[in-house]
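**Q** Once you've looked at the hints, go ahead and assemble the two chains, each given alone in its own frame, into the complex.
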Amino acid sequence: MENKKAEEVQPKAPMKSPSGISIIWRELVRDKLALVSLIFLILIMAAVYGTSLVLDQKEIVKVDLFSIHEPPSEEFLLGTDYGGRDVFGQLVIGTKNSLTIAILVTLMTGIIGVAYGLISGYFGGHIDNIMMRILDFFMILPFTMIVIAFVAIVPKYNTITFSLIMTAFLWMGIARLIRSKALQEKELDYIQASKTLGSSHFKIIFSQLLPNVSSLIIVTMTLNLAANIGLESGLSFLGFGFPESTPSLGTLLSYARNPQTLEFRWWIWVPASILILLLMLSINNVGQALKRATDARQRRG
Amino acid sequence: MWKFTLRRTLIMIPQIIVLSLLIFVLAQLMPGDALSGQIGPDVDPERLDEIREEMGWNDPWYEQYASWMGGVVKGDLGDSFRFKMPVSELIGQRMVNTFWLSVATLILTYLIAIPLGIASGRYNDTWRDQLITGYTYVGFATPLFIFALVMLWIFGFKLGWFPTSGSITPGLEPGTFEYLMSKIYHLILPALSMALITTYSTIQYLRNEIVDTKHKDFILTARAKGASESRVYNRHILRNSLLPIAAFFGFEITGLIGGSIFIENIFGYPGMGQLLVESITLRDYTVLTATTLLFGVASILGALLSDIILSIVDPRIRIK
Chain A
1 MENKKAEEVQ
11 PKAPMKSPSG
21 ISIIWRELVR
31 DKLALVSLIF
41 LILIMAAVYG
51 TSLVLDQKEI
61 VKVDLFSIHE
71 PPSEEFLLGT
81 DYGGRDVFGQ
91 LVIGTKNSLT
101 IAILVTLMTG
111 IIGVAYGLIS
121 GYFGGHIDNI
131 MMRILDFFMI
141 LPFTMIVIAF
151 VAIVPKYNTI
161 TFSLIMTAFL
171 WMGIARLIRS
181 KALQEKELDY
191 IQASKTLGSS
201 HFKIIFSQLL
211 PNVSSLIIVT
221 MTLNLAANIG
231 LESGLSFLGF
241 GFPESTPSLG
251 TLLSYARNPQ
261 TLEFRWWIWV
271 PASILILLLM
281 LSINNVGQAL
291 KRATDARQRR
301 G
Chain B
1 MWKFTLRRTL
11 IMIPQIIVLS
21 LLIFVLAQLM
31 PGDALSGQIG
41 PDVDPERLDE
51 IREEMGWNDP
61 WYEQYASWMG
71 GVVKGDLGDS
81 FRFKMPVSEL
91 IGQRMVNTFW
101 LSVATLILTY
111 LIAIPLGIAS
121 GRYNDTWRDQ
131 LITGYTYVGF
141 ATPLFIFALV
151 MLWIFGFKLG
161 WFPTSGSITP
171 GLEPGTFEYL
181 MSKIYHLILP
191 ALSMALITTY
201 STIQYLRNEI
211 VDTKHKDFIL
221 TARAKGASES
231 RVYNRHILRN
241 SLLPIAAFFG
251 FEITGLIGGS
261 IFIENIFGYP
271 GMGQLLVESI
281 TLRDYTVLTA
291 TTLLFGVASI
301 LGALLSDIIL
311 SIVDPRIRIK
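Residue numbers (the working numbering), protein chains in the order written: chain A, 1 to 301; chain B, 1 to 320.
It is worth saying that the hints were derived from the structure and are not from the lab.
There may be inaccurate statements among the hints.
[What the hints assert, rightly or not] Taking lysine to any residue pairs in the SDA-like style, the calculated list, with each CA pair at most 20 Å apart, reads:
#1 B:3 / B:313
#2 A:181 / A:136
#3 A:291 / B:138
#4 B:158 / A:266
#5 A:203 / A:266
#6 A:181 / A:128
#7 A:186 / A:211
#8 A:291 / B:137
#9 A:291 / B:201
#10 A:156 / B:28
#11 A:32 / B:131
#12 B:158 / A:156
#13 A:195 / A:185
#14 B:225 / B:240
#15 A:291 / B:140
#16 B:158 / B:147
[As the list claims (entries may be wrong)] Partial selection, computed: residues in chain B whose CB lies under 7 Å from chain A:
#17 145
#18 147
#19 240
#20 300
Glycine included, every Cβ here is placed at the ideal spot set by N, Cα and C.
If we strip away everything but chain B, and leave its shape as in the complex, we get (with noise of 0.2 Å):
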């Protein structure tokens, strides 16, 4: 077990090495610099280069590179050139409210997945497994953004239910009630818009599995010893199906990474999905670079979790 996830995390290391050196040249091959738009025609433009030397951008590329990663290492990651503050600031602000928007996606896929599968696996070939069976096939061919727009022009426009941007009503004092309340409220609509599209392939592997466990011998035995259906299915079934769903869970932070991007985008939430696009826009490279590589590591650290879990439930893998 131990030595599976050593082994597993060291793997983790040349992956973010790799990963943080494809940012870098990408970030190098990005036309113009953030000088370039921002300062007037009447500068000087050996001032200019007399700037580009100093911030170091003539230096050889490993150069730059070392001392861009000695910098994200000590957990300084430049300073943004639109928002004149610093990147690990502004990244700061940001990933609090990708962060809960995260969970409360996963927690409301969960909500939704869990009794769906558990429905549609235990009365299969039901018209309630066909109805369950129908939301996720629709589910899986239907692109997040057209969702998410949908949903926000019935309930955010149309019926007014919910704010149509923002992630939080200005002029309210943190730390209080309303304003943990305006939070969640602003929260709802972009998590559930998410969490109804992304739940199928939970709801669709957690079928499967339990129709695959219902005949398996184990339960048929459960049966002979005159445990109850519910018995069998809450102590018995339920507890073999729910496990690889869990394994699942590192990997559903990959799929949060980019459904983030369409949702912060649609609902104006100012998180880190938002800030990455804006980022591009505004050729702000520092603060591309800084969001880059944080969800890359964020989706490598996912996988990590995914087969750590994995290794615990199935020791199958650990052998491998």
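Chain A on its own, in the form it takes in the complex (with noise of 0.2 Å):
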């Protein structure tokens, strides 16, 4: 057993490892399913904001009570709502909305929780502990009705102000992986020797301990933008998101709350719940590839 196990370990030590973005991209080429998936993330997005820019949000959004509750049809691809508006024309701009809320909220809780855990786990001891404990009092807090309490105290929000609410409560998972990694990482000697050269914290934290647990950056904050587009549609459900004037794919959703829609109109939310089936589905195809691609362990190749 012991023997079998060096031989399997020792024709890998003086092969030249491949450079990380190339391993990545192999990885993803050789799982079909996530390049699939990938093709289709890209699609959408490029569909999604290409059309909206000659859709315009104020027309789709206007009440027209003369086409209320529309089947699908010639004029209205996917039917109207309860207040005749074009529910795929909200389709579209609500995909565009639910998107950009949850790439806005991963880029913030990512570079918080990063930066947070970096600081951490690199300085340890009492600073560790202090900040640890902050983030254990916040990771305790439900998130889904602190959210809900704190919408409903902001009178007018629009896109930033509600992607600072769900960032505020959303930074502790990543802050806490990155922190566990930080920890591992600066015992190793590269840092000690850069700490020896005289390197100051600031740099070693930054250019030096960042690149190294970049790949677990990359792989979390994939895995979270498929998360935060439930989030965002769930709290848009509850009526806790965006207002009707700007419709995400939660707000069609909400419109089933109505029993009479959800038994006989499927048109208003069946569409808007398979989209965001799909974009979560794909999202975590593609953060698994990456996942595999990252740690040698689980690659296929």
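**A** Below is the structure:
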């Protein structure tokens, strides 16, 4: 047993490891499902952001009393909702708004979480202890409830304030992950060597430690993106996301809280649900492929 | 053991104080008060000011906080402005419903997770494992509220197998057998919807634990001693893999709270989650602060429970 293991390890040692990006690319191409998902995502994004340049949001959310609850037809591709608004147009705008929020929140939680985790893990000791107690407190808060309460207070909110509220209660997961990685990493020789050379803490953290945890950051942020789409549409579904004048995918689903709509008017809520599912699944597929690519034990090739 | 439990419980006190402060500040910041929408335009504004003064809404915040907390400790959560009854009574009714919903969800979650996790871990990399892993993968990507909507649509409306709202058929006498059955009947669909989605993490965790444990030396020893395959799994592997699952029990509570807000609103189930959303739409702040506080305290207790179970299971945590 021992012998066999040693043999397996040896030939790997002298081999020069390929660069990070080329491994990720190789893994993505090899995993057909992830590749298809990635293409699907790029197409959706291009379509949504492209058409929303042409589509006028105000025109779509304007109430039209003559065409309430119309089933899909030539004029309205996916029918209309209770305000006579075109569901297809709302779907396009909604996907755009949902994606924008999810991307914004993912980026902001990423930046805050990574900085927090790196500093906490790198310095360790008392600083780490205090920072982790603060983080623990945030972790314990029931997210949905606190965000609902916050949204109720802020009288006029827009994309930016809404994503800030979400960010304020979502940065902990990634911070904790990065911190535990930074704790391991700071014991390694290259950090010690850099310290001996007299580099400043700031330089060590951001130009040496950060690149070495980058793969973990990319994977976590991709998976977070999928989760954030779900969270945002969930909040909009409950009526604590965007107002109806800025539809998101969750807004369309929230019409299904009316039993009549749920039972008889599938065209309002089914397309949005399918779209949310597909988006989340394909982002997850890409994320899982990235995870395999960055973890040598799980790599397929 | 006791030292760790005591220390961990002491940490909880500042957490609850900060939580109550946060909720109090949130409630203070909310626009309007319970009087602003409810009283007709013919009421003299001076009278309104008098009422506000009487209720103590013009006192400095620390006095209001102190009197609120004093009430909370005594079990007096104030009166609901909309339901015209003490909040503690209102919450008492709703909490029972949420409690049973959570219990049913937990039971179903473990009923699904344990057999699937064991099958997946024991026969890993076979078609059975791939099927179960596929399920957890989809479960991970499906938002709870979409799944619940689809379940309600199919089983509630299209097939009509289950009731579509409420927690009890009206007109039944409490305490009778039919009353109990009606309660359970109303519980099944919401609990099952939540369990089917939230169970994925437990399945994945159990599978990975079993796959890891399978290759440990003590299992090899047990096999070498001639233990039968079922004995190896039931007595040796399962016992070691189930303990960490038990430790996550407390965290399940936090998940249940977030889920119940969606589930109760979709299935029209009169519990705490529905009360929370109603109280915000109706600007019933005494109810809002009380529900938020209770949910928050429940999450803190859940985390405490998990840490204590973990410390029993894994002595390394105690030493740290």
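**Q** Please name the hints from earlier in the document that this structure breaks, with their numbers sorted from lowest to highest.
**A** 5, 12, 18, 19
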